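Student: Start from the sequences, fold in the hints, and give me the full structure.
Residues 1368 to 1871 (the working numbering) are what the sequence shown spells out, left to right.
Calculated from the structure, these hints are not laboratory results. Certain hints may be false.
[Unchecked claim] 25 Å max Cα-Cα, derived BS3-like pairs, lysine-lysine:
| no. | residue 1 | residue 2 |
| --- | --- | --- |
| 1 | Lys1788 | Lys1870 |
| 2 | Lys1499 | Lys1464 |
| 3 | Lys1645 | Lys1679 |
| 4 | Lys1755 | Lys1788 |
| 5 | Lys1755 | Lys1743 |
None of these values were measured; they are calculated from a predicted model.
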Amino acid sequence: MHSECEIAAAIAGAERQELDSILLLGQRLEWNDGSERLAVLLARSWLRIRDREGQRIPLVPNRAQQLYEERRGQRNIVLKARQMGVSTWITGRFFLKTILVPGTLTVQVAHTQEAAEALFRMVHRFVESLPKELRATMRTSKSNVRQIGFALLDSEYRVESASDGNAGRGLTMTNLHASEVARWPGDAGETLQGLRAALAPSGELALESTPMGAGGCFWNEWQEAEPGGTVRHFFPWWLEPSYVSQAVCETMLTAEERQLMEVEGLSCAQISFRRQLKANFRGLAKQEYAESAEDCFLSSGMCVFEHDALAKLEREAREPREVQCHGQLRVWYPAAAGRRYVVAVDPAGGGAEGDWSAVQVVEVEQGIQCAELAAKMGGLELAREVEKLAREYNEALVVVERNNHGAAILAFLTTVCQYAKLYEQDGMAGWLTSAVSRPQMIAGMGVALMASPQAFLSRRLIRECRTFVRHRNGKIAAQYGEHDDCLMAMAIALAVRGELMLKK
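Tutor: And the structure:
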């Protein structure tokens, strides 16, 4: 450990070009003993940024930046409102690591060329704001449009654009900052995967973005973050102190506004700013100036189902009591004696490169979702899993969509699996999804989501509902890059359940 006096001496020594002092600061940069982090102290002392009026000021962390610094881990993802200063803080932190830790390679990836150039101008400003003697020590070994090398420590800082499909390839990165990931062009998931592969095992990762659509690379990264060990940071707009307007009169507050003030501690001036946001941005206010980590992910098209109902369902969704098949099968309720069940199957070709197959198990009397299987499997493998579920759930009625791959699943069920309790439609085994039946299935799903929300327990299913949209050409389907297999399997299950209830 090093005392505050030793750190102060090291800072002074670094400013006098003493290499040992620079190395000591690099070793201490990540140390957290409960006192002020060294990165905060150095940012305030050495780094300068431009404020909203264009004036150069010290980089003193605002509330959102401070919260990020306190909670950050080795892997981080940040969901934020507009202009919270998160990109600035991450850039400053990574810059300090680059000039204080030998052999560091920092790479930032922005969503456009213009954004990359703006980030690199910030890095140049940091270099220019260093104390004169230290800046002389940190003279650059090479500098082009978006690359600076620091010869003394053999370190390098690069800024790339996500539009370059080869960004980061062939490198071994120490720090990776992916900025505005939700707005990356092309196949953002593939680009990010390539960058991750270039990050050293001990490297630090920071993904950040304002939201844009309930789907796509950033949305998926956010949903899957915590199970994968990534720290999630959410920063709503009211953390930014400048987001205020002339205070509204307390007697004019709505019930919703009073609740928000009570829960989040907002002022009347912030409520006034919020009203302006709603007037200026209308439906996009929730996305551009996020208030909730769930509600800010708006669909890229018009969501077919009621957005607020889905957001509530997602918040209240229950964890399964049992998870099998490496997470592919989730069970909420086991079979109960005397109960009737439907096992609905939306099949696909399977295989590692194939589409997803989905199976829903629904109890007939109450329509409650009991189990859900989503896996890249097909053919005999899928048929055996369906048979296993059907027998487990009291010899359930199996409903297989017979379009495309369904014929093969039905054949395996009747021959190899010897399972005979199959749904028939117009004298043929299986369910036919057609131009006539599909709209009816979707409408029935929408009614069930509103009338019996307690019956839907799967977050995976609810997320598919959120990204099931009406596209500009009028087509109703999953948002680009998303899936609707669990949704369609549930729609089939509910349609057949409706038929069974009528026959009761």
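Student: Hints first: check each against the structure and report whether it holds.
Tutor: Against the structure, the hints come out as follows:
1. A C-alpha spacing of about 17 Å is found between Lys1788 and Lys1870, which places the hinted pair at or below 25 Å, so the restraint holds.
2. Using a Cα cut-off of 25 Å, the hinted pair Lys1499 and Lys1464 holds, with the two alpha carbons roughly 19 Å apart.
3. Distance hint between Lys1645 and Lys1679 is fulfilled; the C-alpha atoms sit about 21 Å from each other, no more than 25 Å.
4. For the hint pairing Lys1755 with Lys1788, the CA-to-CA distance comes to about 13 Å; that is within 25 Å, so the pair holds.
5. In summary, the hint linking Lys1755 to Lys1743 is supported, as the alpha carbons are separated by about 17 Å, within the 25 Å threshold.
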